[in-house]
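Q: Can you build the whole structure from these sequences, using the hints too?
Residue numbers for the sequence shown, in this note's numbering: 38 to 460.
Calculated from the structure, these hints are not laboratory results. Careful: at least some of the hints might be erroneous.
Claimed, not checked - Below are the DMTMM-like pairs computed for lysine to aspartate or glutamate, each with C-alpha atoms no more than 25 angstroms apart in a straight line: (1) 61 x 86; (2) 314 x 336; (3) 314 x 326; (4) 84 x 174.
What the hints assert, rightly or not - Derived DEER-like restraints, expressed as beta-carbon distance ranges: (5) 382 x 96: 20 to 28 angstroms; (6) 196 x 233: 47 to 55 angstroms; (7) 125 x 252: 50 to 58 angstroms; (8) 129 x 326: 36 to 44 angstroms; (9) 394 x 327: 31 to 39 angstroms; (10) 40 x 62: 17 to 25 angstroms; (11) 309 x 397: 19 to 27 angstroms.
Even for Gly, the Cβ is constructed at its ideal location relative to N, Cα and C.
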Amino acid sequence: MSLAYFALIVSIVSASTLEIAGAKFGAQLGMMAAALSLLAATASARKADYDHYVRATSWGRWIPIALPLFIAAQLVPLPLSAAHPIWASTRDAIGGLPFGPITADIGLTVSALLLALAAISLLGVTILVVRNRSRAELVLFVLSGVTAVSALMLDLHRLSPALAGAAPSDFTTTLAGLGLMLNLAVMQFAAERAETHHSMLRSVAIGLCGLMGALASALAVFGLSGTNSAIAAAFGIVLILLILVIRRLDLSPLAAGALSAAALIGAAIVLSFLFEKGTGPVLLRLVPDMGAETRAALERMLTDTRWFGAGAGTFAAVGRIYQSDVGAALTAPSTATAVFAGMGWIGLAAALAVSSIVLVRLFFGALQRGRDSFFPAAAAACVLFALIQSLAGPGLLRPAAILCLSVIVGLGLSQSISQSGSR
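A: Structure (structure tokens):
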């Protein structure tokens, strides 16, 4: 598993740092590293690794594959009555076969499919690689460090543009939110080590690193980002605290259920208030303010979206039809909007269902894990943050954010059932 572990780290670091630097090949390098890690893990996996994977994905190991399969189905040639209208128009203009895919742009959808397969590969590889707790700790440190650096870049640029160049704000905000949860987990890890009589000096050093990363991430999310991103991060923190309270107080199932229900009701009230403040389509109510013409174009685009969408990854291409200004590209205001436009209500509902199932699985895994509960707890908080952030901004459309989130989920799933020192 050493090569798979190395390729996993390369995938996370290369994709994230190159994305922050604005390089165009960061996603490709990250996907290549993900493919290498999958090949290495497949070649070196033993029966114990397979059994561990089966246990970690017993909640539904085929569920995450639903999205890549749906994207692949959009590439299948269908009768023109079921295909995207662009293919019927093309046939009327220049002739051709009476078949066409659901997607409006085959190349963009193939790219989206490859990214989805890379994310699923990293999820599976992470479950196998971090079965060993020492490797799980190192992956947690790498993730927390990369996301903290992203948050620091956003902090420096917003406070003093001369100190740091402009990185994509939507991407850095998303990584900062994930980094806040991960660095809180690092702090909890340091506290757990101190309680179990490990080296106090090392525990303090790890705790201070986590604290600095958490402060940089908190400044980026709560001080320098939008209100909705801050609320999404607050929900993640509340979830971590909820799991910590239930565990520390050793609450009975009835008391834990009542406390969880109260938290769920509170979250529903806050989200209802946020949605009621906005106007127009539901998917546009949490996005930042935009011009009237841009909003009108987006509303027309969403209204015309069919049940199966216009093809994953085709938002920008299809948006050219609706943009009023020829020189300005119509970009997705949020991840949920892009998913809906590309995959329709069915794809969006499937994505929300998969995320919700993973969130519930990580939540209960954290309650059952014991002293290592910070792994699945942080992963659950990251998934919750990502769910809400997907309605408020497009940061999760970045390949590096998708790959990082896949590794975080794999880390949480693996360590929700793993035993310390397993090999």
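Q: The structure should be examined with respect to each hint, and the outcome stated for every one.
A: Taking the hints in turn, this is what the structure says about them:
no., hint, result
1, 61 x 86, "35 angstroms, violated"
2, 314 x 336, "18 angstroms, holds"
3, 314 x 326, "12 angstroms, holds"
4, 84 x 174, "23 angstroms, holds"
5, 382 x 96: 20 to 28 angstroms, "24 angstroms, holds"
6, 196 x 233: 47 to 55 angstroms, "39 angstroms, violated"
7, 125 x 252: 50 to 58 angstroms, "56 angstroms, holds"
8, 129 x 326: 36 to 44 angstroms, "40 angstroms, holds"
9, 394 x 327: 31 to 39 angstroms, "32 angstroms, holds"
10, 40 x 62: 17 to 25 angstroms, "22 angstroms, holds"
11, 309 x 397: 19 to 27 angstroms, "21 angstroms, holds"
The structure fails hints 1 and 6 (numbered hints given earlier, in ascending order).
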